[in-house]
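Enquirer: Sequence order for the protein chains is P and F.
All residue numbers in the first sequence are consecutive under our numbering, ending with 223.
All residue numbers in the second sequence are consecutive under our numbering, ending with 264.
Just so you know, the hints here were simulated from the structure itself, not pulled from any lab data.
Bear in mind the structure is a predicted one, so any value in this text is a computation, not a measurement.
Do not take every clue at face value.
Derived coverage of chain P by chain F (criterion: at least 3 residues anywhere in the stretch with Cβ under 8 angstroms from a Cβ of chain F; other residues may be distant) [what the hints assert, rightly or not]:
| # | region |
| --- | --- |
| 1 | 28-34 |
| 2 | 97-107 |
| 3 | 137-147 |
| 4 | 161-175 |
| 5 | 207-218 |
Using N, Cα and C, we set each Cβ at its ideal position, and we do this for glycine too.
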Amino acid sequence: MAAALQANQVTRLSRKQVILFCPGMPGSGKTILVSIVIDYLQRNLGDRDVGIAYIYCDFRRIDDQTVEQLIANLVKQLLRNKCPPPPAVMDAYSRHQKHRSLPSLGNLEEMFHAVATLYKDAVFIIIDALDECQMSGNVRSKFIETLLSLQSRGIDINILATSRPVPDIVEAFDGHSCLEIAAQRDDIERYLRNKMSELPVVSKYPDLQHEIISCIASVADGM
Amino acid sequence: MVDPTGIVGVIEVAGQVLEYTSKFDSSWTDAKEEAKSFIFEVGALRTTLLRVHNLLSDPKFANALEKDSSALLSELDPLHDTDTTVLLSICKDELQSLLTKLKKRTDGHRFGWECLKAALDGGKACEAVENLHRRYQALNLLFWNDQLALQTKVLQQPIGIRDDLHQNHGTQVRQLQSIEQRTNAVASGVLSIIQKAHTAEALQKHGEILDWLSSLASVDYSLQQADFFRQRQEGTGQWFLESPQFQEWYFPCSILSHGCCSPS
């Protein structure tokens with residue numbers, strides 16, 4: 001038991017922090033920030049053999065976000081750039097076609113690993129708004145558990161997840177790297193300055209503009 | 001013995017003449033000039049004829065000299081060379097009659113060189129022997145020409161063979177290269193067809209599997225990505241991208257070890 005713990009600590013130490021949990025209050029701009037991160041990865045790593053897959057969770061779409069559907073969606077995104085498909089995926093496809101069956105979560109995890117290992121440089125998984133995954137049927141906890149277990153297969157899967165700071169999720173990511181998302185005064189000011197042109201009267205008075213921006217920014221800072 | 005030209009007959013009779021006159025026991029100095037020179041002539045003729053005869057009877061010689069390119073052999077062809085045959089025939093007859101006369105005279109006790117001188121007088125033996133000898137000396141000259149030609153030919157042969165071999169070798173190498181090139185072209189063609197077939201098959205399979213996965217998980221999150229990213233304000237979020245936590249996450253070991261993308 002003690003030896004196992006020690007081995008685990010050594011593994012933790014020797015590996016980079018590849019899971020980044022980003023809690024943030026509603027309206028702090030988590031979703032927009034996720035879209036900026038995804039765009040940043042796609043633009044900067046375009047010439048690398050890198051897999052990028054992402055999910056925007058949405059409480060209005062609970063029918064489309066069972067754990068199996070979410071993992072299948074990640075597999076679909078990663079497979080898009082990998083032709084020919086790996087044998088494990090081909091076999092699973094043939095098997096389920098033949099028996100007209102649906103793949104289990106275990107099958108989907110196997111497929112995920114088969115595809116992920118095809119990427120030589122890295123695999124990035126970005127999940128927005130984990131708190132919008134339904135609690136019913138333990139979908140949320142199962143999905144987080146599955147995501148974190150994708151790590152333990154020998155290949156580094158870089159996972160970034162955002163969420164409202166709800167206790168079960170914060171607890172689940174305890175021990176992993178954390179970066180809180182809060183509206184930044186700079187970002188708010190930049191946003192407001194840009195919106196001033198849409199207000200014809202205000203745009204004529206620079207002093208009024210300045211006052212509006214600074215007032216709103218100071219109230220909204222860290223929201 | 002086959003003797004189409006009559007050369008052997010002359011050699012025999014000449015031999016008999018020489019043998020008979022060698023029995024003249026009186027001294028060589030007593031001999032008349034004409035008789036002496038005649039015996040010389042007959043001896044020389046016999047030597048020449050023997051040499052030519054020996055050469056012609058040697059199959060190696062005949063093989064070495066191709067008939068159409070040999071001046072000597074074409075001269076000696078019994079079907080065409082009537083001159084030599086006639087000369088040989090005359091010479092043989094003359095020597096034979098000389099020998100008969102000599103024998104008759106020595107029987108009549110008129111002895112030695114005198115007898116030979118007498119036998120030669122009024123006969124044509126001298127002239128026949130001289131004519132034949134000249135003829136054979138001419139033939140001998142042809143023989144030397146032949147030999148010279150033969151030697152040249154023998155010397156040139158290896159060069160010709162070498163040239164032929166060299167040319168053949170070059171041609172064969174070129175042919176092999178051309179065959180190899182064509183084989184390679186065919187092989188790469190087949191390979192590319194196989195690859196295309198495999199690629200086509202893989203592409204089809206790839207499409208089928210993507211369709212299957214889409215049927216399992218229909219949401220296309222890239223539409224939302226495009227929508228959200230459009231709403232962002234230019235330049236916002238920079239603080240997040242530049243944070244140490246994000247940079248640590250963004251630069252995993254595998255990318256760092258490839259030595260690319262320095263943090264910015």
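Enquirer: Each of the hints needs a verdict: does it hold here or not?
Expert: Now the hints, each set against the structure:
Counting residues of the region 28-34 of chain P whose beta carbon lies closer than 8 angstroms to any beta carbon of chain F gives 5, which meets the minimum of three for the stated coverage. With 3 residues having a beta carbon nearer than 8 angstroms to a beta carbon of chain F, the region 97-107 of chain P meets the requirement of three or more and the stated coverage holds. Check result for the region 137-147 of chain P against chain F: violated, 0 residues qualifying (beta carbon to beta carbon below 8 angstroms, three or more required). For the region 161-175 of chain P, the proposed coverage by chain F is not satisfied: 0 residues have a C-beta within less than 8 angstroms of a C-beta in that chain, short of the threshold of three.
Closer than 8 angstroms: that is the beta-carbon criterion, and the region 207-218 of chain P has 0 residues meeting it against chain F, so the requirement of 3 is violated.
Hint compliance for this structure: hints 3, 4 and 5 are not met, and every other hint is.
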